[in-house]
Amino acid sequence: MSPRTATTRRTRASVLDDRPMQPLATSRNGAASERVEVRKTYKLYIGGAFPRTESGRSYEVFDARGRLLANASRGTRKDIREAVRAARKALPGWAAKTAYNRSQILYRIAELMEGRREQFVAEVAAAQGVSRRRATREVDAAIDRWVWYAGWADKFSQVIGSVNPVNGPYFNFSVPEPTGVVGVIAPEESSLLGLVSRLAPVIVSGNTAVVVASETRPLPVVTLTEVLATSDVPGGVVNVVTGLRREIVPALAAHMDVNALDAFGVAPSEAAAVEDAGVENVKRLVRPPSGGLQRYDWLADAAQSPYLIGQFVETKTVWHPIGA
Amino acid sequence: MTMTKKPETRPAPASWGLAAGAHVPWEYASAPESTDHVQIKPEYGLFIGNEFAPSKPKRTFEVINPATEEVLARVARASAKDVDRAVTVARGAYHNTWSKLPGSERAKYLYRIARIIQERSREFAVVETLNSGKPIKESRDVDVPLAAAHFFYYAGWADKLDYAFPNRQPRSLGVAAQIIPWNFPLMMLAWKIAPALACGNTVVLKPASTTPLTAYLFADVVRQAELPPGVVNIITGPGEIGMELVRHPEVNKVAFTGSTAVGKMIARAVAGSDKKLTLELGGKAANIVFDDAPIDQAIEGIINGIYFNQGEVCCAGSRLFVQESVYEPLLDKLKARLSTLRVGDPLDKNTDVGAINSAGQLAKVQELVESGIEEGAEIFQPDCQLPDRGFFFRPTLFTGVSQSHRIAQEEIFGPVLSVLTFRTPEEAIEKANNTPYGLSAGVWTEKGSRIFKMVAAMRAGVVWANTFNRFDPTSPFGGYKESGYGREGGLHGLAAYVRLDA
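Keeping their order, the protein sequence lines are chains A and B.
Position one of the first sequence corresponds to residue 13 (our numbering), numbered consecutively onward.
Position one of the second sequence corresponds to residue 273 (our numbering), numbered consecutively onward.
Hints in this document: simulated from the structure, not taken from any laboratory.
Do not take every clue at face value.
Simulated pairs of lysine-lysine, DSSO-like, Cα-Cα distance not exceeding 30 Å [said to hold, decoys possible]:
1) A:167 <-> A:101
2) B:703 <-> A:101
3) A:109 <-> B:703
4) B:353 <-> B:328
5) B:636 <-> B:703
6) B:536 <-> A:101
7) B:725 <-> A:101
8) A:109 <-> A:167
9) B:636 <-> B:536
10) B:621 <-> B:636
11) B:719 <-> A:109
12) A:167 <-> B:719
13) A:90 <-> A:55
14) B:725 <-> A:109
15) B:409 <-> B:605
16) B:719 <-> B:605
17) B:328 <-> B:313
18) B:636 <-> B:605
19) B:330 <-> B:353
20) B:725 <-> A:167
21) A:90 <-> A:101
22) B:605 <-> B:703
23) B:536 <-> B:353
24) B:607 <-> B:621
25) B:432 <-> B:380
26) B:621 <-> B:409
27) B:536 <-> A:90
28) A:52 <-> A:90
29) B:607 <-> B:703
30) B:432 <-> A:167
In isolation and in its complexed conformation, chain B is listed as follows (with noise of 0.2 Å):
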C-alpha cells in the first residue's frame, strides 16, 4: 500500500456554478490498480491445437499500451499458410472431438471456462485495461463479468439445443471463422466462442490486432480447463489475415463484428458459398429525451450511453434528441455532469473516461470533431487535463448540430456527443430514423404509452428506455438495417451457429 500525497485543486469550471475564480473544494486521490499479479509475456506466438507457436515464417509486431504508448508485448503476425494451419486443426478437432462430444459433456468445459475467468478476474481485468486503455472500473465490472457470464449461460444450452429449435433437429456447422473489434476485446471473445461452442463448433478467432493480449490470455484458460486440443484457435494479423480466414473453403461460419465497411467486404467474400454469416456492425444511436423524463436519471443516461468506453462503442448514444422544452436545463445538467468526468489513467479505480484505443482512432475521432466545427455546430469540452502520453481525447459535446452534419450522420466510436432537437414525438421518430444504422436507441420518458409508441417506432435492434448501455448474455443483440444481421446473446443468438433441417 503506497501512502498518496494530498492532491493540489485546480480551478472550478465555470458550469459548476461556483464563485468566479473558486477552486474545486476537493480531488481525488490516484487510486491505481495494483498490476503486480499480472504477468505479460514478451512475445506471444499464434495458439493453435492448443500450443502457442511462431507464425510461419516468423513475423510479430508490437501491441502497446494506448495510455502509455509503451510496448506491451510482441505477438505473432500469422500468414495465409498459418490461416491455412488453424483451420485444418479446428476441421480435425471438429470432426475428431468436439462433434462427437455430448451436449453434456460440451456444457462443462463451457462452465470451466466460466468460473476459470472468475477465478482469474482481476488479471483480466487489469490486461484488458492495459492493452485497450479503458477504464479499470469498467473492465472489473462490466467486460470481465459478462464474459464468463456468457460462458455461463451458453453452458447450459449446450445440451438442451432441441429445446431451442423444436422440430428442427439442431447440428453443429463445423468451422467458425470470427473475427471481433477492439473495442471489448474479451466480451467479444466470450460472445463468440461461448455460443459456438456449446452448439458444437470449433474455433478460429481473430482478435484486433491492436488488443489481442486478452485472447492469449484466454489461451490460458483453454489450457487450464483442458479442453480439447485445435477446438479454439486463436491467431493475430491484420485484416488481410481476417480476410483469408473468411474466404478459407474449410470454414463453414463466419461472425463479424466491427465497422460496416469491414462487414460489407466480408459478406461480398462469402456471397456464393454456403457458409453462414452474422454480422454486428456500427451504429448511430439516437438518445431521445422528453420534457417529462426524470432528468437526473437521463442525465446519467447521456452520459452513460456516450462516454461509457470512451464512446468507442458500437450502440453508444451519440446522437441526443432533446424535446425543445426541456433543452436549457438539460443542457445546463449536461455540461455540469460533463466536468465532473475524470479523464486520465485507465488503471486510476476513479477514472470514468480512459485512452483511445489506438494513434489512428484518435487521428478519426480529431478529424470528425473539426467537421463538427467546420461545418457549424458548437463545441463544448470541460476543462480537464491530459495525461501528457498515450491517445486521450476531452469528453465532447456539439450543440447546434443538424441532420446533415457529418457528427450526425457518421460513426465516430469517440467521446463526442451531438445534440439535436425536436418538438413532436413524431418529428423525434423521423430524425431517429434517418440513419443507414439501426443497432440501438434509448427513450427517456415517464409516460408508458409514449415509450412503447416510441419503442415500437425505432428502426432498431435494441431499445433502452430509461436506460441505456445494459447487456446481458440472456439479451438478444443486433441490428437493423446496415448495423448487421443476426443476433449474440439469448436463445437468438444459438441460431447463428446451428444448421437447421426438417
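This is chain A alone, in the form it adopts within the complex (with noise of 0.2 Å):
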C-alpha cells in the first residue's frame, strides 16, 4: 500500500482541522464573478448504473500535494456483493458474444476515451502528481492498450488453442473459454494505465470484471465508468467499487461466485491473506509480483501481452471418434 493511504484514512474532522476551507484543487481560481463550477459526484459503477455505495459513506480523495480532490464512493462488502451479482448476470451474454463484436465493443472504448483525452490527462496528473507530458503519455498509452486488446479479442484463441494430434481416431482440439466473474484488484500507483492493462485482457476473453479501484487514486477509473457505459459494453461487464481496500479486497478475495482473482495490483504484504481467502471455491489467482509494482513499469511493451488473456481462461479439450 502507498504511503499515501494513512492520509486518507483521516478522518473528515481532522482534514477540516488541518486545511479549513480549503477550495478544491480541481477548483479553477479566480474572481467572484467567475461562473462556479458544477461539480462531480463519483460514484460506484454496478450493472451498467451508477448506484452510491449502500453505506451512504464517502472518503477523501486528495491530490499528490495533498489538496483534496473529492469525495469518493466508500463501498463495503454488500456493494462487492452486488457488483459480483451483476457480473454474473452479465456474463453469459458478454461471453456468448462473437470476438469480431468484443473486438469492435474493445475499440470503441478507445473512440471513447480518445474524446475524453484532456479530461483524462487532467485527472491523471492529479491524481499522481506528474507532468501533464507524464500523464499524457499514460493516457494514451492507456487508450492504445485497449486498440491493442481489441485486436487480440479474435485471435488469442487460435495463438492459445490448439489441434492435438492424438494416437487414435478421435478430433481432439482445445479452446479457450473465459473463466466466469474476474475481481481485479486495480494498482494503487498508476490510476489509469495500471488499470486499463489488467482489465483488457480479462474482458476481451468473454470473463466480466468487479474492479477494486485504487484507494488514494480512484477517480481517473470512475471517470473511465463514464466511458464504459456509453461505449456498447454492457450493464455488468465491468463493475468498479471504490473505498477502502482493507474493507472491500478480503471480501471479494472471500467471494464463492468469483472464478479468478486478478491479485497483481495488491501489495505483496496481503498478497498471502488475499491468496487464503481465495482457496475454498479454488480461485485462479495472478500473484503480484514479488518486490512489488513500485519500479513496475506501466508503459513497457511487457505490460501487455496475449499470455495475461491466457491467464484468465480454461482450456476446453474436446473429443469426437473420427469414423463413418
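Put the two chains together into one complex; each comes in its own frame, and the hints tell you how they fit.
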C-alpha cells in the first residue's frame, strides 16, 4: 500500500482541522464573478448503473500535494456482492458475443476515451502528481492498450488453442473459454494505465469483471466507467467499487461466486491473505510481483501480452471419434 | 501353461431375458496373467540421489494387494528430515547438472525412459495390478502404454520450448514437488515427471501411500536410463509428509492430483509464496445421452465411463443424464450390460472390474451407497459373485436419483452410477453444470450442431462427445471450478513447469 494511504484514512474532522475552507484542487480559482463550477459526484459503477454505495459513506481523495480532490464512495462488502451479482448476470451474454463483436466494443472504448483525452490527462496528473507530459503519455498508452487488446479478441484463441494429434481415430481440439467472473484489484499507484492494462485482457476473452479501484487515486477510473457506460460495453461486464481496500478486497477475494482474481495490484504484504481467502472455491489467482509495483513500468511493452489473456481463460479439450 | 478345467455355469441374471431358471450358457475359464517375471522386493527404502536408503529414523509401513489383502512389501516412511534431504539433493542436481544440460540432451534421457517402460511393460502392468487392484487388461492396455507415451511426447518438447512460448524465453523453475493419487499410480507419475524434466526441473515425487510399488519400479528405470543422481527422487509416507514437501522453502513448484479437500489444504500452504501451483482435483462428471444417440455405443460409453478402473477415476461419468424419451429402453440395455461385467481377480485377463484400492475407500463407497438407499434412490446391482477376500464392490446403478441426493453431488470414486433424466437440452445443461466440480463431461447424440451446443455449454475441462474416458499425452487435461487449475498434457501442460519472462 502506498504511503499516501495514511492520509486518506484521516477522518473528515482532522482534515478540516488541517485545511479549513480549502477549495477543491480541481476548482478554477478566480474572481467572484467567474462561474461556479458544477462538480461531479464520484459514484460506484454496478450493472451499468451508477449507484451510491449502500453504506452512504464517502472518503476524501487528495491530489499528490495533499489538496482535496473530491469525496469518493466508500464501498462495502454489500456493494461487492451486488457487483459480483451483476457480473455473473452479464457473463452469459458477454461470453456469447462473437469475438468480432467484442473486438469492436473494446475498440469503441478507445474511441470514446480519445474524445475525453484532456479530461483523463488532467485527472491522472492531479491524482499521481505527475507532469502533464507524463500524464499524457500514460493516457495515450491506456487508449492504445484498448486498441491493442481489441485486436486480440478474435486472435488469441488461435494462439492459445490447439488441435491435438492424439494416438487414435479421434478429432481432438483445445479451445480457451472465459473463466467467468474475475476480480481485478487495481494497482494502487498507476491510476488509469495500471487498471486498463489489467482489465482489458480480462474482459477481451468474455469474462466479466469486478474491479476494486485504487484507494488513493480512484477518480480517473470512475471517469473510465462513464466511458464504459456509453461505449456499447453491456452493463455488468465491468463493475467498479471504490473504497478502503482493507474493507473490500477481502470480501472480493473470499467471494464464492468469483472464479478468478487478478491480485497483481495487491501489495506483497497483503498477498498471502488475499490468496488464502480465495482457496475455498479454488480461485485462479495471479499474484503480485514479489518486489511490488513501485518500479513496474506500465508503459513498457511487457505490460501488455496475450499471455495475460491466457491467465483468465479455461482450456476446454473436446474429443470426438472419427468414423463413417 | 496350466490346464484350465471347464468352469461351472451359474443361473443367468433375469435381465438377460433368458427363460426362467436358465443358466448362463457358457462361462469364461480363468486366465490369470503370469507373475513369474516380476520381483517385488520385501522392502523399499526412499529413492534419493539414485540410491535406495532407509528413512531416518528407520520406519516402514506395509503395502498390500487390495485383491487379496496380502502384504506385498514394506516401504520406508519418510520423516521431515528425509523430505529435507530429498529436496536438498534435488536442488543440488538442479543447479549442478540438470538445468545446465541442453534441452536436446534432456530429451534423450526422457526418450530412454519411454523406451525402458515399453521394454518392461508387462512387469509394470503386473505390479500395477497387484498393488492397485485394477484389472490387468487396463494396466496392460491403458496405464502402462500411456505412461510410456507421455515420456515419449514430452521428450520431444525438451529442446523446443522456445516454440511453445514465443517471445517469452521459457526457463525452468527449479525443484518440483509432486504428489499423486492411487488410482493411476504409474500414469500419474508419468504425467507429473515427464513435463517437469522436459522443462529442466528436478523432481521430488510422493506416490500415494497405498500404491508406491510402480513408482519404486520406475526408480529402477531411472537407474537403467542413467539419469544424473538427484534429478528424480521418490519418497513415501502419509499425507503429512506430502504437506512437509509442499511447505519446504526450497521447493519452487507444487503439482498435486487428488481430492479437492486436500487440494485446498495445499493451496493454503503455498499462499503468499512464489511457488507455482497446479491442482487436478475431484469431479462429478455428467454423461448426457440424447434420444438420437447411437444407443449401443452410448451403453459402452456409459459402462466405460463409470466402471473403468472401478470408477476410481476423477473424470468418471458418475452422473448419467438420459433424455426421458429413451429412458426405459436405455436402462434395460444398461442393466443387461452391467450384468455381463466380470468382477474379480484383477490379474485375470477377462476381468472388467477389479478390487477397490483400499479398505478405507471401500468403506467410503459403501457409506455413500447406503446414503443413496436412505435418501430414496433405487439401487440395482448385478447378481455376480465377489471373491471371499479383498476389497470388492458390485458395480452399482441408482435410478430415481434427484439433484439433491448425496450420490448426485459428492464424488464417490467407486463403481456407482447415478441415473437422472431430462427433457430438453437446456435442462440437461442446467443439471449437468449444477456442481462445484468441472473436470469432464460426456455428450451422446448423432446431431452435430447439438454436440457443439452441448460441448460449449459444459463447464468442464474435457468433453467427450460420443466417446468417454479417452486420454492422450497430446491432449490437455484438467478442470474448471473446484476441479482445479492448470492442464496436464499437450503444449498446455508445459506451462505448469516453466517461468515465463518478458
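Evaluated hints:
Under the criterion of a C-alpha separation no larger than 30 Å, the hint pairing residue 167 (chain A) with residue 101 (chain A) is consistent with the structure, at around 26 Å. Straight-line distance between C-alpha atoms of residue 703 (chain B) and residue 101 (chain A) comes to about 18 Å, which keeps the hinted pair within the 30 Å bound. A C-alpha spacing of about 24 Å is found between residue 109 (chain A) and residue 703 (chain B), which places the hinted pair at or below 30 Å, so the restraint holds. A distance of roughly 7 Å separates the Cα atoms of residue 353 (chain B) and residue 328 (chain B); the hinted pair therefore holds under the 30 Å criterion.
The hinted pair formed by residue 636 (chain B) and residue 703 (chain B) meets the criterion: a straight-line CA distance of about 25 Å does not exceed 30 Å. A hinted pair counts as satisfied when its Cα atoms are at most 30 Å apart, and residue 536 (chain B) with residue 101 (chain A) qualifies at roughly 27 Å. For the hint pairing residue 725 (chain B) with residue 101 (chain A), the CA-to-CA distance comes to about 20 Å; that is within 30 Å, so the pair holds. A hinted pair counts as satisfied when its Cα atoms are at most 30 Å apart, and residue 109 (chain A) with residue 167 (chain A) qualifies at roughly 15 Å.
Note on residue 636 (chain B) and residue 536 (chain B): the hinted pairing holds, with a Cα-Cα distance of about 20 Å set against a maximum of 30 Å. A distance of roughly 27 Å separates the Cα atoms of residue 621 (chain B) and residue 636 (chain B); the hinted pair therefore holds under the 30 Å criterion. The suggested pairing of residue 719 (chain B) with residue 109 (chain A) holds, with an alpha-carbon distance near 24 Å, which does not exceed 30 Å. Our distance criterion of 30 Å between C-alpha atoms is met by residue 167 (chain A) and residue 719 (chain B), whose separation comes to about 29 Å.
Taking the CA atoms of residue 90 (chain A) and residue 55 (chain A), the gap is near 15 Å; set against the 30 Å cutoff, the hint holds. A threshold of 30 Å between alpha carbons decides the hint, and for residue 725 (chain B) with residue 109 (chain A) the separation of about 14 Å falls inside it, so the pair holds. For the hint pairing residue 409 (chain B) with residue 605 (chain B), the CA-to-CA distance comes to about 24 Å; that is within 30 Å, so the pair holds. A distance of roughly 22 Å separates the Cα atoms of residue 719 (chain B) and residue 605 (chain B); the hinted pair therefore holds under the 30 Å criterion.
Distance check on the hinted pair: residue 328 (chain B) and residue 313 (chain B) sit about 20 Å apart at the alpha-carbon level, within 30 Å; holds. Taking the CA atoms of residue 636 (chain B) and residue 605 (chain B), the gap is about 28 Å. The hint holds against a cut of 30 Å. Restraint check: the Cα-Cα separation between residue 330 (chain B) and residue 353 (chain B) comes to about 11 Å, which is no more than 30 Å; the hinted pair holds. Under the criterion of a C-alpha separation no larger than 30 Å, the hint pairing residue 725 (chain B) with residue 167 (chain A) is consistent with the structure, at around 22 Å.
For the suggested pair residue 90 (chain A) and residue 101 (chain A), the alpha carbons sit about 17 Å apart, so the restraint of at most 30 Å is met. Among the hinted pairs, residue 605 (chain B) with residue 703 (chain B) is consistent with the structure: their alpha-carbon atoms are about 24 Å apart, no more than 30 Å. A C-alpha spacing of about 25 Å is found between residue 536 (chain B) and residue 353 (chain B), which places the hinted pair at or below 30 Å, so the restraint holds. Between residue 607 (chain B) and residue 621 (chain B) the alpha-carbon distance is near 23 Å, which keeps this suggested pair within the 30 Å criterion.
Between the alpha carbons of residue 432 (chain B) and residue 380 (chain B) the distance comes to roughly 13 Å, so the proposed pair stays at or under 30 Å and holds. Using a Cα cut-off of 30 Å, the hinted pair residue 621 (chain B) and residue 409 (chain B) holds, with the two alpha carbons roughly 6 Å apart. Among the hinted pairs, residue 536 (chain B) with residue 90 (chain A) is consistent with the structure: their alpha-carbon atoms are about 26 Å apart, no more than 30 Å. Annotation: proposed proximity of residue 52 (chain A) to residue 90 (chain A) holds, straight-line Cα distance about 24 Å (limit 30 Å).
Restraint check for residue 607 (chain B) and residue 703 (chain B): satisfied, since their Cα atoms lie roughly 23 Å apart, inside the 30 Å limit. The hinted pair formed by residue 432 (chain B) and residue 167 (chain A) meets the criterion: a straight-line CA distance of about 23 Å does not exceed 30 Å.
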